[in-house]
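Asks: The sequence shown begins at 1346 in this note's numbering and counts up by one.
Check the hints yourself; a few may be wrong.
Stated by the list, open to error - Simulated pairs of lysine-lysine, BS3-like, Cα-Cα distance not exceeding 27 Å: (1) K1418 x K1428; (2) K1428 x K1416; (3) K1418 x K1452; (4) K1455 x K1475; (5) K1452 x K1475.
Said to hold, decoys possible - Okay, the calculated beta carbon distance ranges per label pair: (6) A1465 x N1421: 28 to 36 Å; (7) N1391 x P1450: 32 to 40 Å; (8) A1448 x D1469: 32 to 40 Å; (9) A1384 x P1441: 17 to 25 Å; (10) P1451 x A1472: 21 to 29 Å; (11) G1437 x G1477: 19 to 27 Å; (12) A1386 x Q1471: 18 to 26 Å.
FYI, nobody ran anything at the bench for these hints, they're computed from the structure.
Heads up, the beta-carbon is just placed ideally off N, CA and C, and yes, glycines get one too.
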Amino acid sequence: MHFLKLFIETRKLSSVVFCSSSLHFFFFLHQSINQKMAALAADPANASVPAAGGSSTHQLVNSGASRLAFKVKSSNNTEYRLKPVFGFVEAGASAPLEITRLAGPPKDDKLVVQFAEVAADATDPQAPFKAGPAAGEVVIPVSAA
1346 MHFLKLFIET
1356 RKLSSVVFCS
1366 SSLHFFFFLH
1376 QSINQKMAAL
1386 AADPANASVP
1396 AAGGSSTHQL
1406 VNSGASRLAF
1416 KVKSSNNTEY
1426 RLKPVFGFVE
1436 AGASAPLEIT
1446 RLAGPPKDDK
1456 LVVQFAEVAA
1466 DATDPQAPFK
1476 AGPAAGEVVI
1486 PVSAA
């Protein structure tokens, strides 16, 4: 039961109904949450670029069942250029993200990739982020040495 409570807390569920067979309930809960949750990941999860300038290419991987729009934000807009800043990732697919660093002092920074579920016919990847908060985010630590 402790593991179930921990699972619920990490998924930030507000209410849960328990039944006599907690193991079966946990399995059902786990399946239904994973089917509904949008999941975006960066591959590789970290970036390392020379402080003198360079680039790193990553894939934004959508392991969920819904199409996602994304927006990439940087903690250092002076030295980093991102391509694309906005885009879509189809369900079960990936999209490239190119990180380019201009010359500058060595520093650790981060990129935040915000994402939101969108309709299959959506054409403007910026629209979900104007309408309200993102559904989730992925942080990519970036090191320039």
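Asks: If a hint holds in the structure, say so; if it does not, say that too.
Replies: Evaluation of the provided hints:
With a CA separation close to 11 Å, the supplied pair K1418 and K1428 stays within the 27 Å bound. With a C-alpha separation of about 10 Å, the suggested pair K1428 and K1416 falls inside the 27 Å cut-off, and the hint holds. A distance of roughly 17 Å separates the Cα atoms of K1418 and K1452; the hinted pair therefore holds under the 27 Å criterion. Between K1455 and K1475 the CA atoms are separated by roughly 22 Å; this keeps the pair inside 27 Å, and the hint holds.
With a C-alpha separation of about 31 Å, the suggested pair K1452 and K1475 falls outside the 27 Å cut-off, and the hint is violated. As the Cβ distance of A1465 to N1421 is approximately 35 Å, the hint placing it in 28 to 36 Å holds. One distance hint, 32 to 40 Å for the beta-carbon pair N1391 and P1450, is violated here, with the actual separation near 20 Å. For the pair A1448 and D1469, the beta carbons lie near 34 Å from each other, so the given range of 32 to 40 Å is met.
For A1384 and P1441, the Cβ-Cβ distance of about 18 Å falls inside the hinted range of 17 to 25 Å, so the restraint holds. One distance hint, 21 to 29 Å for the beta-carbon pair P1451 and A1472, is violated here, with the actual separation near 37 Å. Judged by the Cβ atoms, the range 19 to 27 Å given for G1437 and G1477 holds: they are separated by roughly 25 Å. Our hint of 18 to 26 Å for A1386 and Q1471 holds, since their Cβ atoms are close to 22 Å apart.
Violated hints, listed in ascending order, are 5, 7 and 10; each of the other numbered hints is respected by the structure.
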